[in-house]
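Line order of the protein sequences matches chains Z and F. Heads up: the first sequence begins at 1 in the UniProt record's numbering, then just goes up one per residue. Heads up: the second sequence begins at 1 in the UniProt record's numbering, then just goes up one per residue.
A couple of the hints might just be wrong.
Claimed, not checked - Capping the alpha-carbon separation at 27 Å, the derived lysine-lysine pairs in BS3-like fashion look like this:
| hint | chain 1 | residue 1 | chain 2 | residue 2 |
| --- | --- | --- | --- | --- |
| 1 | Z | K212 | F | K186 |
| 2 | F | K186 | Z | K168 |
| 3 | Z | K36 | Z | K149 |
| 4 | Z | K656 | Z | K641 |
Note that these hints are calculated values from the structure, not bench results. Note that the structure is predicted; figures quoted are calculated from it, not measured.
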Amino acid sequence: MGAQKKGATARVSEDPEELARHPLQAILLADSFTTKFRPITLERPKVLLPLVNIPMIDYTLAWLESAGVEEVFVFCCAHSKQVIDYLESSDWPSQPNFLVTTIESHNSISAGDALRLIYERHVIHGDFVLISGDTVSNMSLTQALQEHKERRKKDANAIMTMVVKQSKPSPITQQSRLGTDELFMAINPDTKQLLCYEDKAEYSKGFISLDKTLIADNPSIVLHNDKQDCYIDICSEEVLSLFTDNFDYQHLRRHFVKGLLVDDIMGYKIFTHEIHSSYAARIDNFRSYDTISKDIIQRWTYPFVPDILCGNSAIKVERQGTYRASEVTLSRSAQIGPFTVIGQGTKIGNDTKIFHSVIGEGCTIGSNVTIEGSYIWNNVTIEDGCELRHAIVCDGVIMKSGAVLEPGVVFSFKVVVGQQFVVPAYSMVSLLQQPTQQDSDEELEYADSSSGNVELPSAKLNGDITSDLSETRHGPTSELGTGGVGYIWSIFEGGHDEEWRHSVAPITTDKLAKIMLDKDEDEELLTQDGNVLSPSGELKSDSDGNDSEDDDNEGSRDDYVSFEKEVEATFLRAVHENVKVDHAILEVNALRLSYNMASVDCAGAIFYSMMKLAVESPHSSSSELHRNAADVITTWQKLLKSFLHDIDEEIEVILKFEEICLESAKEFSPLFAQILHLLYDKDILEEDAILRWADEKEGADESDKVFVQHAEKFLQVRNELIMFIRVCIWLL
Amino acid sequence: MDFQVVVLAGGTSKNLTPLVSKEVPKPLLPVANRPVLYYVLHQLEQSNLKDLIVVVEGKDAALLVGGWISGTFVDRLHVEIAAVPEDIGSAGAIRAISHHLTAKDILVVSGDLVSDVPPGAVAANHRRHDAVVTAMLCSVPISGPSESGSSGGKDKTKKPGRYNIIGLDPGKQFLLHIATGAEIEKDTRLQKRILRAVGEMEIRSDLMDAHMYAFKRSVLQEVLDQKDTLQSLKQDVLPYLVRSQLKSEALLNRIPQAEENGNEKVSSGNNQVMVSQILANASTPSFHDLCSVSHDGSAPIRKTHKCCAYIASSSSYCVRLNSIQAFMDINRDVTGEADHLLSNTISDQNNIVGPSTKLGTKTTVGPHCMLGEGSEMGDKCQVKRSVIGRHCRIGSHVKVVNSVVMNYVTIGDGCIIQGSVICSNVQLQERVVLKDCQVGAGFVVTAGSEYKGESLARKEK
Chain Z
1 MGAQKKGATA RVSEDPEELA RHPLQAILLA DSFTTKFRPI TLERPKVLLP
51 LVNIPMIDYT LAWLESAGVE EVFVFCCAHS KQVIDYLESS DWPSQPNFLV
101 TTIESHNSIS AGDALRLIYE RHVIHGDFVL ISGDTVSNMS LTQALQEHKE
151 RRKKDANAIM TMVVKQSKPS PITQQSRLGT DELFMAINPD TKQLLCYEDK
201 AEYSKGFISL DKTLIADNPS IVLHNDKQDC YIDICSEEVL SLFTDNFDYQ
251 HLRRHFVKGL LVDDIMGYKI FTHEIHSSYA ARIDNFRSYD TISKDIIQRW
301 TYPFVPDILC GNSAIKVERQ GTYRASEVTL SRSAQIGPFT VIGQGTKIGN
351 DTKIFHSVIG EGCTIGSNVT IEGSYIWNNV TIEDGCELRH AIVCDGVIMK
401 SGAVLEPGVV FSFKVVVGQQ FVVPAYSMVS LLQQPTQQDS DEELEYADSS
451 SGNVELPSAK LNGDITSDLS ETRHGPTSEL GTGGVGYIWS IFEGGHDEEW
501 RHSVAPITTD KLAKIMLDKD EDEELLTQDG NVLSPSGELK SDSDGNDSED
551 DDNEGSRDDY VSFEKEVEAT FLRAVHENVK VDHAILEVNA LRLSYNMASV
601 DCAGAIFYSM MKLAVESPHS SSSELHRNAA DVITTWQKLL KSFLHDIDEE
651 IEVILKFEEI CLESAKEFSP LFAQILHLLY DKDILEEDAI LRWADEKEGA
701 DESDKVFVQH AEKFLQVRNE LIMFIRVCIW LL
Chain F
1 MDFQVVVLAG GTSKNLTPLV SKEVPKPLLP VANRPVLYYV LHQLEQSNLK
51 DLIVVVEGKD AALLVGGWIS GTFVDRLHVE IAAVPEDIGS AGAIRAISHH
101 LTAKDILVVS GDLVSDVPPG AVAANHRRHD AVVTAMLCSV PISGPSESGS
151 SGGKDKTKKP GRYNIIGLDP GKQFLLHIAT GAEIEKDTRL QKRILRAVGE
201 MEIRSDLMDA HMYAFKRSVL QEVLDQKDTL QSLKQDVLPY LVRSQLKSEA
251 LLNRIPQAEE NGNEKVSSGN NQVMVSQILA NASTPSFHDL CSVSHDGSAP
301 IRKTHKCCAY IASSSSYCVR LNSIQAFMDI NRDVTGEADH LLSNTISDQN
351 NIVGPSTKLG TKTTVGPHCM LGEGSEMGDK CQVKRSVIGR HCRIGSHVKV
401 VNSVVMNYVT IGDGCIIQGS VICSNVQLQE RVVLKDCQVG AGFVVTAGSE
451 YKGESLARKE K
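The shape of chain Z in the complex, shown without the other chains (with noise of 0.2 Å):
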């Protein structure tokens, strides 16, 4: 029976067979899409950047080697000449069953995008790890990709597994860990099937919510905070087709994720597959730079540790988690604290100290220096008596003496720094200036900064440094003390609470108290039933409420402007183009359903666009207007007729009439009756009609008080109206 069901299903079952003659294949998008590295990402790329002294994609590469994954396919978007330059000159090409291949692109701007690219070319066939040139693993996938292949055996819906790994819950852990939103997912427990993942947590929202059908269809969910997504895919190679499909996907989970749980006619499904032994995490920002750098000296991704990565060099491990490169000269004086690495090269003065910290190659370290818990890349100058807590200094910094780097610093390549100078907490320092034009949208930021900036780094790098010092010493000379060279990125607004967040500083006490207050804030102005709340609680989530509504309304209302524009352009079309009625009729419906109106608006856009007309075809006086109006009127009573289908549309178009005669085209007030007349005439109204809204109106006087400004000349106008109704009823 199995063996026919394999057979009914060909195309399901083909799959596994072919994935058996075919390579395991991934995908490693070396470009992050992001600007959280920035000003560093402006002259180099992300996965190039050194993680412990040595670049980024290698711990990737290394894992999917180890993995057993035989061809890689780079995709590199910014600074992509690096980065294949950096493959080129690699070991990676001599590997034996290992074949990274190298994909360029200069306009893709999102993950999207890339995936899109890739699937023209046509190279991927069957199921492939989908990973970012950040992720450092040491996980065996052997066990994941087999369940994702069982999977799909029996639900060829089933086209992604996702790998999670535990982590402590709590929003503190989250943020001071890897400076990551918090992430909450839902799973089945059985299936381990994702049902849904919300990570741009936003703060405001007290509450997670569960669709209904979601608890129909499972009988048993389980809400995770305490799960870790670590950006590690198997994909299926439907994936590939989806993002061609769906050309609005860009970003990985917050589209495409997303968009598969919303979507339910496809039926797509997402699995997830836990770790708990082994090391997943992706390096998203500065602090989990900071943490993953940790994680890697204190062997948490053995093998992919610096001695083992590195064999040649030999670096050695000695006593409490240090590393050491052969050829370091080190003063008897200085100390070298705990799980601190330093590089080939490197030279340290007397009586300096280092903790926690990781030095590059050929750095020279003077005197009395104190590093904690900071990241110096190669060929960093750091002059006598220096204080640096919590820095990342790249590549031909110089620091001269005396200088303080306060926690959360991050120096881009060769900055200066003058004598004595103090770095204010949480400075970005660069040579180059921040570019001016601040896009909130991350990805499109990139962009900009990989076609437009990438150039003048590069220069910047082969080129000679002195010409370039000699440039900028006179502009940024004050901004980092004498002799310094380099500008302080301001910090743009609404990253000002950000800063600390993915920074690699510690995130002081207070802070995180913060973080606790805030989120129980939030949810105190959300929690539902207002007897549950304080007092204020209950004011704010009112006046909460109260905006959204109104942000709904003028929503609805900036639709309705819309569409009654529309109407009113396909009116006068069918008007100076002599459409016949029927299908100026069918053209207006089919807006209707596209604005997702009623038919009630429709009569009102299409009387007011009628009026409108007759408003605008040349008059002279009050009557000649009249006869203009009824010239219309006659001619379109069909097309407006066939919008009135009860009295609650005729009294719209009443009132309509009366917006329009007191506000739009006040030439109509005098011929208010006369025109109603007509309509009544015309059997467009009906006397119902009129009377029910002569009744409103009478009632409304009264109520209608907040108008006060309005009175003197408002009710005067509408009691005039009003008369002329009572008038016209009467006559009638």
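Add chain F to chain Z, keeping to what the hints say.
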């Protein structure tokens, strides 16, 4: 066990007309020839919870119920009967009898619960966690007759489905979310705060709140005093407590407790506190404790309280008699698959066929049937999966299938009764055919009439 039990017995429920009447209020509805209240009281007695307050809606009903209890459980239970006005809701009922409540913890049980889950286990669970409220959860019952679908067509039949949406912690000990009533049909909204504190929450829609709760008295009284809008324990009080568990507004000060201990025998009181402390310390601190302590380890910054869940094992029987369908189901189950509820009883010899019954020739009483004492049946009758009460007179050639016949019912020759409920003192004349009907007490069905899916009752004077 310093526990007081409040049995909310109800009164003349509208859901159950015409089965209930002034003479037979809901607590006295017969389930396998015993009032439904018996099952609750029996379970309480088994768990050694003997200090009871039975709350009945309406004075007349209270008298009837009181009379029955004093007759049946004399000397075995210490029962107070309290009459409360109708339609004040379960929370209102507790408010009304609040001055009677003195024990440290209160167990509130619905009087219509037919279950073999020991209330003592719920109480013990409550004590062990020092919880503010512990709710008993059971698997959703499968409604409708299991055998033939004939009586399933009634509009009263509930769709077998969801009664509650319940969120539990990974250890399945704490109640983190509960949605009842109309909320179930909406999208579920879960508090992120609680989710953050606990990390992982399991959402279950296959569990039902069985309306057996243990409350900490001080908190219950305070909540009821302060929030006078809360109407029902199930729909308002419990969700409120669950919702606010990490942001407790109920003052959980230990002062009243200490006072009580002071007033009572000091030694035993202290002992109890000690024991509960030891138990609390033995287990790893729950997320409530972790959450209540601010991260720098200083004094608790916010109050929390624990809401626990006691989940009955899936094999246990637990149904509430709150609809006619449930009444039929329970009667069927108690004589059938859940007959251990009966066999445990110590009272009079309730065999499947009671004593001093007379059966005519060729009359068969099938399995899972019950025939009360003193009933007489004529020749060639058939009884299948039905309960027949005491002192009924049944003629010849009568077929009773999937039905409940109460006491003192007279059934004429040649009647066919299927999936119906016949209340006490009903007279069915010859050749009556009833299918899926309810016949109210004292009604007379004339000879030869046929009814299907109807509810027959005498007009109220």
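**Q.** Hints violated by the structure (listed by number, smallest first)
**A.** 2, 3
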